[in-house]
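Construct the complete structure from the given sequences, taking the supplied hints into account.
Residue-level listing of the chains:
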Amino acid sequence: MSVAPFTPAQPVKSGLTGLPSSISHLPPPTGEFRPAVEILRFNTCGSVDDGKSTLIGRLLYDSKSLMEDQLEALERSADITGGGQVNLANLTDGLRAEREQGITIDVAYRYFATPRRKFIIADTPGHIQYTRNMVTGASAANLSIVLVDARTGVIEQSRRHTYLTALLRIPHLVVAVNKMDLVGWSEQRFNEIRAEFESFLPRLDIKDVKFIPISALLGDNVVDASLHTPWYPGPTLLQHLETVHIGSDWNLNAFRLPVQWVNRPNNPTDSRLHDFRGFSGQIAGGIVRAGQKVMVLPGGHITKVKEIHTYEGPVDEAFCPQSVTLQLEHDLDVSRGNMIVAWDHHLPGTGTELRANVCWMHQRPLQIGKKYWLKHTTQSVQAIVTAIDHRLNISTFEEEPTPAGLALNDIGEISLRTAQPIFYDGYATNRLTGSFILIEQGTHATVAAGMLYPPTEVVRPESSEFVI
Amino acid sequence: MPTYHLDHLQHLETEAIHIMREVAGEFERPALLFSGGKDSICLLRLAEKAFRPSELPMPLLNVDTGHHFPELNTFRDHRARELGAKLIIRTVDDAITRGIAIPAPGEISRNRLQIPTLLAAIEEFRFDCCIGGARRDEEKARAKERFFSFRDSFGQWDPKNQRPEIWNLYNARLNPGENMRVFPLSNWTEQDVWEYIRRENLEVPGIYFSHRRRCVRRHGQWLPANDLVPPRPHEEVRELVVRVRTIGDIISTGMVESPADSVDDIITEIAAARVTERGSRADDKSSEAAMEDRKKAGYF
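Chains as they are written, first to last, in the numbering used here: chain A, 1 to 468; chain B, 1 to 300.
Hints are not guaranteed to be accurate.
Cross-link-like lysine-lysine pairs, in silico, DSS-like; alpha carbons within 30 Å at most [said to hold, decoys possible]:
1. K49(B) - K293(A)
2. K49(B) - K306(A)
3. K49(B) - K370(A)
4. K293(A) - K306(A)
5. K86(B) - K49(B)
6. K49(B) - K304(A)
7. K160(B) - K371(A)
8. K293(A) - K304(A)
Treat the hints as calculated values from the structure; they're not laboratory data.
Next comes the structure, spelled out in structure tokens:
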């Protein structure tokens, strides 16, 4: 790399071994950039040889997100470790430990943009730690790409990734049938794989599934439509990523504001500030309007929203996932970990006896009777696991009764008892108010990710007592 | 008919504000690292959005390497005053004098020496959390780092032993002596930072914009001519129209030839850029794992 001038784009020099030749024919970027309107988060899952890294490399390159110095770094590492062969996996396998061992030990995040959207890729490796890694990478995703090798078709890992997508309630799934060039662009083969998936998809309750035949190596149907698949009428992968409807991925039905921080300026010289008492947080569900009736939990007091404060000034309404500060009509005792909810028929559940699916993420297995910290929204309470009801076989999606315990990468249904009641929704209703983590006491390791079952008991204020 | 959509900057903003407030809610003695660079300028605006009308619930901290661009320090002090924020500065020079940071024979770069200086400041003020402006798109090791990056009692990052981060639930628990580094801009790209600066109409130091400067050709880059490492007889010195894309120390920050003299120009320039931001930082180029090694030792 010589100097780093901002010259107009030059075609990347050819001669990069291992890189598809077509990349040098890409149109040069225009330099015009219209800000993208939305962010789409997606994760990619596949086993080592499914071509995942090649696919990411191509998406990054074709969207001009791969820069010359990155390509040079690739070349340099090719000279040192790869016997002169450029390996696109080096783009995503960031750490030296990974390069040396040829594995990916954790989730890597990648960013690229097109004029229509910005994308955050959580690149999750497909080897043995896949469950922990995928849960970490995919929990906030809008969309999950499961890569399948067209030659081998659906394998155990394809099933696991699809099950995890369903379990995490990622709203959109793309099955990318890769290496279509190696099966002669066969429509019949594509349909066979599709049929295999469709045999187990119905019981998974995934809202939106798309099948796309691609060749990540050659670029077919990744960014540009393939000439080899005239039988495929659908969008390319990137077209789909740019247009898939994600507007309804957030819960806008039931207002929830977990209080993160109490904003009290306590300014003795400015009377306006002296009386300011705001409750700050990120709206975890629904819409809030100035003047609206709300209930403050755990007290159960009913009051009204006096003002929705933002840095730019007061607003009439705010919605999930905006960060706001609410001022209330009444002077109530509200602190971090409390929750402000709409006083309507969408009240949250409450209780100390909880049931949840958990993904176990630590070497030390789950122990019945052991105390953990449970962090739910902005509240941390002590919790004891009272029972492991069953373990989920992630390869068959079958429930295995009465397991002895849950080990690293296991998923199971458990019962918990918390020291104080929490206010929550079922995970299927709201991913933010229906999820928690377990933290081991002492080491403070995050040991589990939990997805709550729908509540059996709903907040029920005895109206006259609670209304101020 | 209202639409309940956030655009990408609003989305990144609410994520970052949420993280800032988690820090304020979970830690006893947090600090916010403010250098005056473009990323930490965004951090300060996010802190205002998270905490106003209250005072910022944390001081600003800067490790001054002694090799900073003077323009940057001027801007840093001016911005802190403007916000009414407490600014703590700890210098590498002082750390060397006190024997906390020890230069290797012939070592001119202050890059490594920032680490013990920062760790000493953390100890001095008993900070349990430092907010930094690092982004995952900057570098491969950063791409694997969490929002809440746990550091052991030696300040070390262990990439193989990171706490999983699921949904927006951050595990902020520490034992005494341990420390957290928190990066609210993790998901931001260089482009996002400049678009945010434009949207929020934020002031930035003048060295980000095109200006005339005497530069010296060194290690394949144009570095600012400076007295710390004066041009040697064989080195080419030229006056060029340049700006900085990323700011490190004055002896290692590559100047890029550019006519961009407004935020709009910079955004257009980045959109057409063919090299990454860090391509102009000599400190990251020394080896494939340069950043990984420094982070393991306690660097940001």
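* So which hints don't hold here, by number, going up? -> When the structure is compared with the hints, only number 3 turns out to be violated.
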